[in-house]
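Participant: What follows is each chain in one-letter form.
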Amino acid sequence: MIFNWFRKREQLLLPNYFLAYQESIANTKKLPIEETRFVVFDTETTGFLRKKDRVLSIGAISLKDNIINVNASFEVYVKQKIFKAETVPIHGILKEGKFDKITELNALKLFLKYIGNSVLVGHHVNFDVQMMNEILKRNKLPKLLNKTVDTALLYKKSKHTIYQNEEKHYSLDNLCDELNISKSDRHTASGDAYITAIAFLKILSRLNKKGDLKFRDLLA
Amino acid sequence: MKNTISERVYDFLKNYPPFNLLPATKILEISSEVKIIYLEKGKVLFNQNDTNHKHFYIVRNGGISLHKNSQNKRTLIDICDGGDIFGLRPLISKENYSLDAIANEESIVYGIPITIFEAVSENNFKINKYLLTSFASTSFDPYTNEQNNNIFTDYISKDNLEYSNLHSVNYTKKPLKCTVKSTIKEAAIKMSAQKIGCIVVVDDKCLPKGIITNSDIKNKIATGLFSIDTSVKEIMSSPVITQSKNLTVLDAQLQMIKHKVGHLCITVDGTSNSKLIGILTNHDVLASLGNNPTVILKEIKRAKKTKEIREIRNKVNLLLKSYLEQNIPLSHISKIISEINDSVTIRVIELSLKKMDTPPPVKFSWMALGSQGRKEQLLYTDQDNALIFEDTTQEDYLATKNYFLKLAGHVTKSLHKIGYEYCSAEMMASNPEWCMSLSEWKNQFNDWIINIDEKAILLSSIFFDFNHVYGDITMPKELTTNIFKTLNKSSRLFTFLGKEAIASPSPLGFFKQFLVENNGDHKDSFNIKTRALIPLINAARLLTLSNKISEINNTAQRFERLAEVEPQNKELYQSCSYAFKALLKFKTKQGILHNDSGKFIQLESLTKEEKLKLKRCFKPIREIQEVLSIRYNLTI
Numbered sequence: 001m002i003f004n005w006f007r008k009r010e011q012l013l014l015p016n017y018f019l020a021y022q023e024s025i026a027n028t029k030k031l032p033i034e035e036t037r038f039v040v041f042d043t044e045t046t047g048f049l050r051k052k053d054r055v056l057s058i059g060a061i062s063l064k065d066n067i068i069n070v071n072a073s074f075e076v077y078v079k080q081k082i083f084k085a086e087t088v089p090i091h092g093i094l095k096e097g098k099f100d101k102i103t104e105l106n107a108l109k110l111f112l113k114y115i116g117n118s119v120l121v122g123h124h125v126n127f128d129v130q131m132m133n134e135i136l137k138r139n140k141l142p143k144l145l146n147k148t149v150d151t152a153l154l155y156k157k158s159k160h161t162i163y164q165n166e167e168k169h170y171s172l173d174n175l176c177d178e179l180n181i182s183k184s185d186r187h188t189a190s191g192d193a194y195i196t197a198i199a200f201l202k203i204l205s206r207l208n209k210k211g212d213l214k215f216r217d218l219l220a
Numbered sequence: 221m222k223n224t225i226s227e228r229v230y231d232f233l234k235n236y237p238p239f240n241l242l243p244a245t246k247i248l249e250i251s252s253e254v255k256i257i258y259l260e261k262g263k264v265l266f267n268q269n270d271t272n273h274k275h276f277y278i279v280r281n282g283g284i285s286l287h288k289n290s291q292n293k294r295t296l297i298d299i300c301d302g303g304d305i306f307g308l309r310p311l312i313s314k315e316n317y318s319l320d321a322i323a324n325e326e327s328i329v330y331g332i333p334i335t336i337f338e339a340v341s342e343n344n345f346k347i348n349k350y351l352l353t354s355f356a357s358t359s360f361d362p363y364t365n366e367q368n369n370n371i372f373t374d375y376i377s378k379d380n381l382e383y384s385n386l387h388s389v390n391y392t393k394k395p396l397k398c399t400v401k402s403t404i405k406e407a408a409i410k411m412s413a414q415k416i417g418c419i420v421v422v423d424d425k426c427l428p429k430g431i432i433t434n435s436d437i438k439n440k441i442a443t444g445l446f447s448i449d450t451s452v453k454e455i456m457s458s459p460v461i462t463q464s465k466n467l468t469v470l471d472a473q474l475q476m477i478k479h480k481v482g483h484l485c486i487t488v489d490g491t492s493n494s495k496l497i498g499i500l501t502n503h504d505v506l507a508s509l510g511n512n513p514t515v516i517l518k519e520i521k522r523a524k525k526t527k528e529i530r531e532i533r534n535k536v537n538l539l540l541k542s543y544l545e546q547n548i549p550l551s552h553i554s555k556i557i558s559e560i561n562d563s564v565t566i567r568v569i570e571l572s573l574k575k576m577d578t579p580p581p582v583k584f585s586w587m588a589l590g591s592q593g594r595k596e597q598l599l600y601t602d603q604d605n606a607l608i609f610e611d612t613t614q615e616d617y618l619a620t621k622n623y624f625l626k627l628a629g630h631v632t633k634s635l636h637k638i639g640y641e642y643c644s645a646e647m648m649a650s651n652p653e654w655c656m657s658l659s660e661w662k663n664q665f666n667d668w669i670i671n672i673d674e675k676a677i678l679l680s681s682i683f684f685d686f687n688h689v690y691g692d693i694t695m696p697k698e699l700t701t702n703i704f705k706t707l708n709k710s711s712r713l714f715t716f717l718g719k720e721a722i723a724s725p726s727p728l729g730f731f732k733q734f735l736v737e738n739n740g741d742h743k744d745s746f747n748i749k750t751r752a753l754i755p756l757i758n759a760a761r762l763l764t765l766s767n768k769i770s771e772i773n774n775t776a777q778r779f780e781r782l783a784e785v786e787p788q789n790k791e792l793y794q795s796c797s798y799a800f801k802a803l804l805k806f807k808t809k810q811g812i813l814h815n816d817s818g819k820f821i822q823l824e825s826l827t828k829e830e831k832l833k834l835k836r837c838f839k840p841i842r843e844i845q846e847v848l849s850i851r852y853n854l855t856i
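So the protein lines, in turn, are chains A and B. No gaps in the numbering here: position 16 of the first sequence is 16 in the working numbering, and each next residue is one more. No gaps in the numbering here: position 337 of the second sequence is 557 in the working numbering, and each next residue is one more.
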């Protein structure tokens, strides 16, 4: 009883946009791969420290049945107080840059609305999910609830057992080379999201040679 | 909001027609609405008879093959490569797809919503011109012939084009008409009396209600479907498409394609509620435009002097250039150009015959050899030709031979004047060695086949691509039959042809670098003819000869035929055919750019994309050479 009461109170404190997100997750149906909406996303950050670094931009595209609609892509730049000059050469986002920036909270709201109950796909997706979870935490909200697929792990899986190398680390650049994907727009959130999406589709088709790939094969 | 992905799409689209004809803002507008579609190899994008998607497609990576299905037979029509557009025509004419589109390899295509494209390109003159020419060019394609009638247009210079297209049409005033009360017989009598192929059916107020053409009479009356006493209302096509008299040539063509009609009724205010004042047929449209292949062919046929032919032939290079700019499939281009080349030769022979004092003593036939024989000659090249004359008695032989040598002398001289250089190896009918009687030719070929050696092969191989151009057609056929008969006995020739085909190794060196010339004027440039085209030409010749396939000389077509004959190698042969067309197009473009034969390519002048495309064409060359080495036991 006490437990119940406690949960109820927590739910009451949640803002509407998060409740809507939770509800969409709760209503997720099991679908075959070709009907599943995947959101491939990438974040550009000030660095790799989960607690200290901040998200500067989020790029995401959605795909269903091997089709990406350009007008349904997602791209935001985030205002941050924390700024590290040394990572600017990588992502090219200046503190007072030319892009329109929005607050972290607004970026979060838009992002949750965009992803809904889709499956999140990313290259080393855990890092990007953690960075999003930190934003949620700063806004006193629970973690992301979506299923995730990591293209780095998926790629390893797609290789023949003989060539699989558990130790080998596959960067997005490695993947581009091996799958023959052009690397333009590398290191912008949207550009990386797009490249990851193409890599994801290519890996899927390699895994699905027999035509019997199930959704659960993608997870872990 | 910033959209990096659409910028990426924009960066690609801006390089390709028709998008490159649009201003940047419009391309960006299109880019942000694009669908990016990933297709694994063998995946179907659309099938023949599917209702059209609301998108047309441009290939981003990989290749999409287009197939036509008819009576359980599947024919490859084209392979679309990076930057090629497909699936547009059905959207404009509002039809179902007429082809299958299948990923030939792993591919990414962009789907472009037609609504957006139409909105931004509306009234864009250049875009309309592009669309028209690219559709019109398919009228040479036997598969679309029927839908297309004769709306075929090409233009020489841009000024000329603007003039002729923005010009109002010259329609036929006082069209032939009959009232709705007439019978078919009455209408037909009018048509036949006036020698006119169509009649407009009007009501009491002279408003156009329908139209009857020759084909209606053929299809509906002559077949017995309707009797000749039937009212014209029963068989007329109705309603008619009406336009006002200020219609431009360009609009007229678009309307005809859009509505799939060959006739437009011209009325006072352009609607069907006003009086009929004239009629416009697709022939009128054609006549408004001076320079299209049909007109050029007619001009050649009527030319009276070599000089005239030269002027007409010079226009052809401009035509060729505009075709290449507009990315029209090479198979169409080479069909048109070789048709023109052949008729130039025919006309020259006709004129030369007039210069002779007497008509030919016996039947003869003029043959094209080499690239003209293979119908692959796009730019001016050397003339390679030969002449066969009928066997004569011993005593008449010398006089006959001299007659034809003199005739051939006139012909080659005229061809030279027109722009076809003399062959440096003297492989011309004016050379006594290549102006022979039928039995001499038979012996010559038998000798080549049986007593072949390293030296003879160099000389003889182009003779195996002979193609009849003028005169008696039975002698070349007899020669072909004879060749295949002799080939039965010996396969020595195959070994030599095979050696020739693999003589020039893969155009890529060990480190996947292009092999370039080491010395001479063209040091450090890549010789696309000897390194890439010749190996394919030689391979196709050898394989068709050994498969006893006759009367197909074109290298691309030879490979297509081979794909049918040897289904186990279908994929390789099809990619050879495709690679050949791509390489020939490349060579022609280079030739036009540098005003030469296009043989030598300056590698640094190529973009990365072009280099990649070239390299991709080399893969089948290596593969076909491997097949040949094994099949004919050749060691390199």
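The reader is advised that the hints may include incorrect statements.
Straight-line distance between alpha carbons at most 30 Å, and here's what the computed DSSO-like set of lysine-lysine pairs gives [unchecked claim]:
id, chain 1, residue 1, chain 2, residue 2
1, A, K183, B, K222
2, A, K147, B, K555
3, B, K222, A, K109
4, B, K541, B, K575
5, A, K81, B, K394
Hint data in this document are derived by calculation from the structure and do not stem from the laboratory.
Participant: Taking the hints in turn, state whether each one holds.
Facilitator: Hints versus structure:
1. A:K183 to B:K222: 20 Å, holds
2. A:K147 to B:K555: Given pair A:K147, B:K555 is violated - Cα atoms ~57 Å apart, limit 30 Å.
3. B:K222 to A:K109: 18 Å, holds
4. B:K541 to B:K575: Between B:K541 and B:K575 the Cα gap is close to 35 Å, so the pair fails against 30 Å, i.e. violated.
5. A:K81 to B:K394: Not OK: A:K81 and B:K394 at ~81 Å, beyond 30 Å, violated.
Comparing the model with each numbered hint stated earlier shows that hints 2, 4 and 5 do not hold.
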